[in-house]
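2 protein chains.
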Amino acid sequence: MHTVRIKDLYENLHLFDNQEVEINGWIRTVRGSKKFGFIELNDGSFLKNVQIVLDRSVIGNYDEVVKLPISSTIKIVGIVVSTPDAKQAFEIQAQRVILEGTSNSEYPLQKKKHSYEYLRTIAHLRPRTSTYYSVFRIRSLVSYAIHRFFQERDFVYVHTPLITSSDSEGAGEMFRVTTLDLNNLPKTETGEVDNSEDFFRRQTNLTVSGQLPAEAFALAFGNTYTFGPTFRAENSHTARHASEFWMIEPEMAFADLTDSMDIAEALLHYVIEYVLEKAPEELEFLTQNIDQGLLTRLRETAKTSFARVTYSEAIELLQKSNHTFDYPVTWGIDLQTEHERYICEEIFDRPVFITDYPEKIKAFYMRQNEDKETVAAMDLLVPRIGELIGGSQREERKDVLATRMAEFGLTVDDYEWYLELREYGETVHSGFGIGFERLIMYVTGMENIRDVISFPRTPGNADF
Amino acid sequence: MHTVRIKDLYENLHLFDNQEVEINGWIRTVRGSKKFGFIELNDGSFLKNVQIVLDRSVIGNYDEVVKLPISSTIKIVGIVVSTPDAKQAFEIQAQRVILEGTSNSEYPLQKKKHSYEYLRTIAHLRPRTSTYYSVFRIRSLVSYAIHRFFQERDFVYVHTPLITSSDSEGAGEMFRVTTLDLNNLPKTETGEVDNSEDFFRRQTNLTVSGQLPAEAFALAFGNTYTFGPTFRAENSHTARHASEFWMIEPEMAFADLTDSMDIAEALLHYVIEYVLEKAPEELEFLTQNIDQGLLTRLRETAKTSFARVTYSEAIELLQKSNHTFDYPVTWGIDLQTEHERYICEEIFDRPVFITDYPEKIKAFYMRQNEDKETVAAMDLLVPRIGELIGGSQREERKDVLATRMAEFGLTVDDYEWYLELREYGETVHSGFGIGFERLIMYVTGMENIRDVISFPRTPGNADF
Numbered sequence: 001m002h003t004v005r006i007k008d009l010y011e012n013l014h015l016f017d018n019q020e021v022e023i024n025g026w027i028r029t030v031r032g033s034k035k036f037g038f039i040e041l042n043d044g045s046f047l048k049n050v051q052i053v054l055d056r057s058v059i060g061n062y063d064e065v066v067k068l069p070i071s072s073t074i075k076i077v078g079i080v081v082s083t084p085d086a087k088q089a090f091e092i093q094a095q096r097v098i099l100e101g102t103s104n105s106e107y108p109l110q111k112k113k114h115s116y117e118y119l120r121t122i123a124h125l126r127p128r129t130s131t132y133y134s135v136f137r138i139r140s141l142v143s144y145a146i147h148r149f150f151q152e153r154d155f156v157y158v159h160t161p162l163i164t165s166s167d168s169e170g171a172g173e174m175f176r177v178t179t180l181d182l183n184n185l186p187k188t189e190t191g192e193v194d195n196s197e198d199f200f201r202r203q204t205n206l207t208v209s210g211q212l213p214a215e216a217f218a219l220a221f222g223n224t225y226t227f228g229p230t231f232r233a234e235n236s237h238t239a240r241h242a243s244e245f246w247m248i249e250p251e252m253a254f255a256d257l258t259d260s261m262d263i264a265e266a267l268l269h270y271v272i273e274y275v276l277e278k279a280p281e282e283l284e285f286l287t288q289n290i291d292q293g294l295l296t297r298l299r300e301t302a303k304t305s306f307a308r309v310t311y312s313e314a315i316e317l318l319q320k321s322n323h324t325f326d327y328p329v330t331w332g333i334d335l336q337t338e339h340e341r342y343i344c345e346e347i348f349d350r351p352v353f354i355t356d357y358p359e360k361i362k363a364f365y366m367r368q369n370e371d372k373e374t375v376a377a378m379d380l381l382v383p384r385i386g387e388l389i390g391g392s393q394r395e396e397r398k399d400v401l402a403t404r405m406a407e408f409g410l411t412v413d414d415y416e417w418y419l420e421l422r423e424y425g426e427t428v429h430s431g432f433g434i435g436f437e438r439l440i441m442y443v444t445g446m447e448n449i450r451d452v453i454s455f456p457r458t459p460g461n462a463d464f
Numbered sequence: 001m002h003t004v005r006i007k008d009l010y011e012n013l014h015l016f017d018n019q020e021v022e023i024n025g026w027i028r029t030v031r032g033s034k035k036f037g038f039i040e041l042n043d044g045s046f047l048k049n050v051q052i053v054l055d056r057s058v059i060g061n062y063d064e065v066v067k068l069p070i071s072s073t074i075k076i077v078g079i080v081v082s083t084p085d086a087k088q089a090f091e092i093q094a095q096r097v098i099l100e101g102t103s104n105s106e107y108p109l110q111k112k113k114h115s116y117e118y119l120r121t122i123a124h125l126r127p128r129t130s131t132y133y134s135v136f137r138i139r140s141l142v143s144y145a146i147h148r149f150f151q152e153r154d155f156v157y158v159h160t161p162l163i164t165s166s167d168s169e170g171a172g173e174m175f176r177v178t179t180l181d182l183n184n185l186p187k188t189e190t191g192e193v194d195n196s197e198d199f200f201r202r203q204t205n206l207t208v209s210g211q212l213p214a215e216a217f218a219l220a221f222g223n224t225y226t227f228g229p230t231f232r233a234e235n236s237h238t239a240r241h242a243s244e245f246w247m248i249e250p251e252m253a254f255a256d257l258t259d260s261m262d263i264a265e266a267l268l269h270y271v272i273e274y275v276l277e278k279a280p281e282e283l284e285f286l287t288q289n290i291d292q293g294l295l296t297r298l299r300e301t302a303k304t305s306f307a308r309v310t311y312s313e314a315i316e317l318l319q320k321s322n323h324t325f326d327y328p329v330t331w332g333i334d335l336q337t338e339h340e341r342y343i344c345e346e347i348f349d350r351p352v353f354i355t356d357y358p359e360k361i362k363a364f365y366m367r368q369n370e371d372k373e374t375v376a377a378m379d380l381l382v383p384r385i386g387e388l389i390g391g392s393q394r395e396e397r398k399d400v401l402a403t404r405m406a407e408f409g410l411t412v413d414d415y416e417w418y419l420e421l422r423e424y425g426e427t428v429h430s431g432f433g434i435g436f437e438r439l440i441m442y443v444t445g446m447e448n449i450r451d452v453i454s455f456p457r458t459p460g461n462a463d464f
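These protein sequence lines map, in sequence, to chains A and B. In terms of this note's numbering, the first sequence opens at residue 1 and continues consecutively. In terms of this note's numbering, the second sequence opens at residue 1 and continues consecutively.
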């Protein structure tokens, strides 16, 4: 006899029926009467608990066990018994209960409902609730599905650096990384902080994107992707922004904007199919408790081909809609969340790629179109979330790129290596970035980014 | 006809034989005579090039093409022809060559050999060399094998935070993360820097380990793992230390030190088997050019069960060896690399777990053994590298843990949540950390950590 996990019992009941097993776990509920007691036990391997039946005449420490506080750790030795007529497919008739750790009766996760706000203050315990258990298990599955998708297609995974001496390429505010003693800063002759005394002999920051280094790898491996943390030091207090979050950034040589959209669409289909297959219990739970439309939306999206319109067409559609927006719609505006959601929720009722944005509202590295007013960019908008993916064909023409960099006020010296990628074997290439947490919000129905990150970092909050 | 990748040609030659194909790629070598020319073309999908045969009477722009600088990008339309008697299994008889991007003839990666030192200065180009191509493709495969191993076993992948307000738990120097303006620091009344004005309203640093937060997840999910970047602000200039590197940290509830070693051993076997299967060309190349013993060592290690000895036994073995070490061997010392390598290379000739180290040289969270002198720790030592894995059973007894924290001078306030994990359902649990770059050095034969990281960060160096 060896220890079995509850997941294995659920998945392979026929192997264990009428067998003696040993199970470790935490008590989720316990109640006892004169003759019989019942424990809902969970060992973390499965969303569902297993029911343990205690017979006072069998269990020597019965009185002690039925009074154990919730979350106490026990080991059960017992017989697996199928119960085909009951709600649960089987139960364990305990023979022995070995106490491993008695919980404090002040355990904060008692049966009653708690607010998300409160649960964030106990982020070290909240994965034990069914909601967060489901979210974080799905997060793990989605991570893996993304790797599997790219690895099956021979994309090379590259870990691009987190500490960087480049600036933010206009993507947002950055965190500084330093080993200088702030109470005793070295100064230059002119009285400024002497950055040459810092650890890296210059000022360094936390990266906002792995794209530029990933391009170097795409021009060596053809197809590459990053999947790592990125940082924004913006004082945003919205439900969609965190200071530390993960991004997936594929980058492909010999691929244009259409290829890039094809890959993005195939990836999302793949991820959703994978979660539908691997987390049916979690999705069922989230649909019942968090977002009633979740399962239907995921099943539909997995089969739907995404709409594709240009920015100019999207502007026209919004203008023709006669809907009143807080931000008026004119060609040249940066689409707001209200516009993005209207396009994918009301006009198309499915994910929508918007392409060919005005160059003035997009990054310097995006390829200029022939009209010299727009760039070969694409954003994927999805219902409920808005922008989930942003990508582009990259400007491969060195002279055009250098001009764009100058227009954006970037110092060519800092990007010499990036320009060199265009000098030694330039080619059409494209890529995109997926905000990983937004994807998790999309596939779990959670509405606040703080509830899909293990220990979220936001302005003023770096607890745990 | 659509574009095919060179890898597909090698793997499915029968599908393409005598077919017309279109191939994109970079010129690795080119030479032309009066009648015929030859191009070695690479598209990044495969370590090996494909040979393109150019017939002057067929190729309109023949004279231009054979003079193209190395690394120019071209598109070839041609016929795949098997050449069973030649060194290469097939070649492409070109019908058309379309020029996509002419490289600068000063391209630094000409045929001649370059030093590692020089190649580090062109880290954006070096993945195009066979050595770095092999290393970074293997790095990608190993990453994936690790995920696959844990996901097949239902471990939940958790992204633990990078920005942390905890201190380093004695693991090393940390980088500070700040948005304060160093040239205009806010001060408290006593003239110190006012950390409450910083982004997170306190001092924050980059993490040195994801273990402590991973423990919270282990006590919810049973089995969990992290795989993410960690940081050390140490002024180390060795071939084995980088300031930014990745670690894998599994953490398992209901698992003791032996379970932990079993998982670590199974993981390494799995990873090596995976690389042997998926990267035969790369391993062959590295064995021929970098480390002659590589393939033999990997094949043997994949089948070998690892030795397991206690620290006390290891000390005795070293003392009995009569070998002269720079650092004398006495019970209580921290083993040096010379000792570690002697144990696994000379005494055991295979990977060795050393267990039950003196508590004075190990971290506060390791479980105290009954002798109260040692802790349930384990290090895995491997030939050529020394320490590859470090782990332990975690101290689950709250009172013992609190005492150890006090001995280590840690503030209980900062770790209240960590102590609470012992209060609400304590149980035996264990885990370990693998230095990912050391693992890559082990499976590629590379001797400097700077050569297994895309854009390495070391003291004074944050280029690209």
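The hints are simulated quantities; they were obtained by calculation from the structure and are not laboratory data. Worth double-checking, as some hints may not be accurate.
One copy or any two copies: either way a pair holds, since identical chains are not told apart in the list.
[Unchecked claim] DSSO-like, lysine-lysine: derived pairs with alpha carbons at most 27 Å apart:
hint	residue 1	residue 2
1	K360	K320
2	K398	K75
3	K362	K372
4	K111	K67
5	K320	K75
Hint-by-hint comparison with the structure:
In this homomeric assembly, K360 and K320 come within 27 Å of each other (Cα to Cα) only inside a single copy, at 24 Å, whereas the closest approach across copies is 74 Å. Taking the closest pair of Cα atoms, K398 and K75 come within 27 Å of each other only across two copies (20 Å); inside a single copy the shortest separation is 66 Å, beyond that limit. With identical chains, the CA atoms of K362 and K372 are at most 27 Å apart within one copy only, with a shortest distance of 13 Å there and 62 Å across copies. In this assembly of identical chains, the alpha carbons of K111 and K67 lie at most 27 Å apart only when taken from the same copy (16 Å versus 77 Å across copies).
For the homomeric pair K320 and K75, neither the shortest alpha-carbon distance inside one copy (66 Å) nor that between copies (44 Å) is at most 27 Å.
When the structure is compared with the earlier hints, a violation turns up for hint 5 alone.
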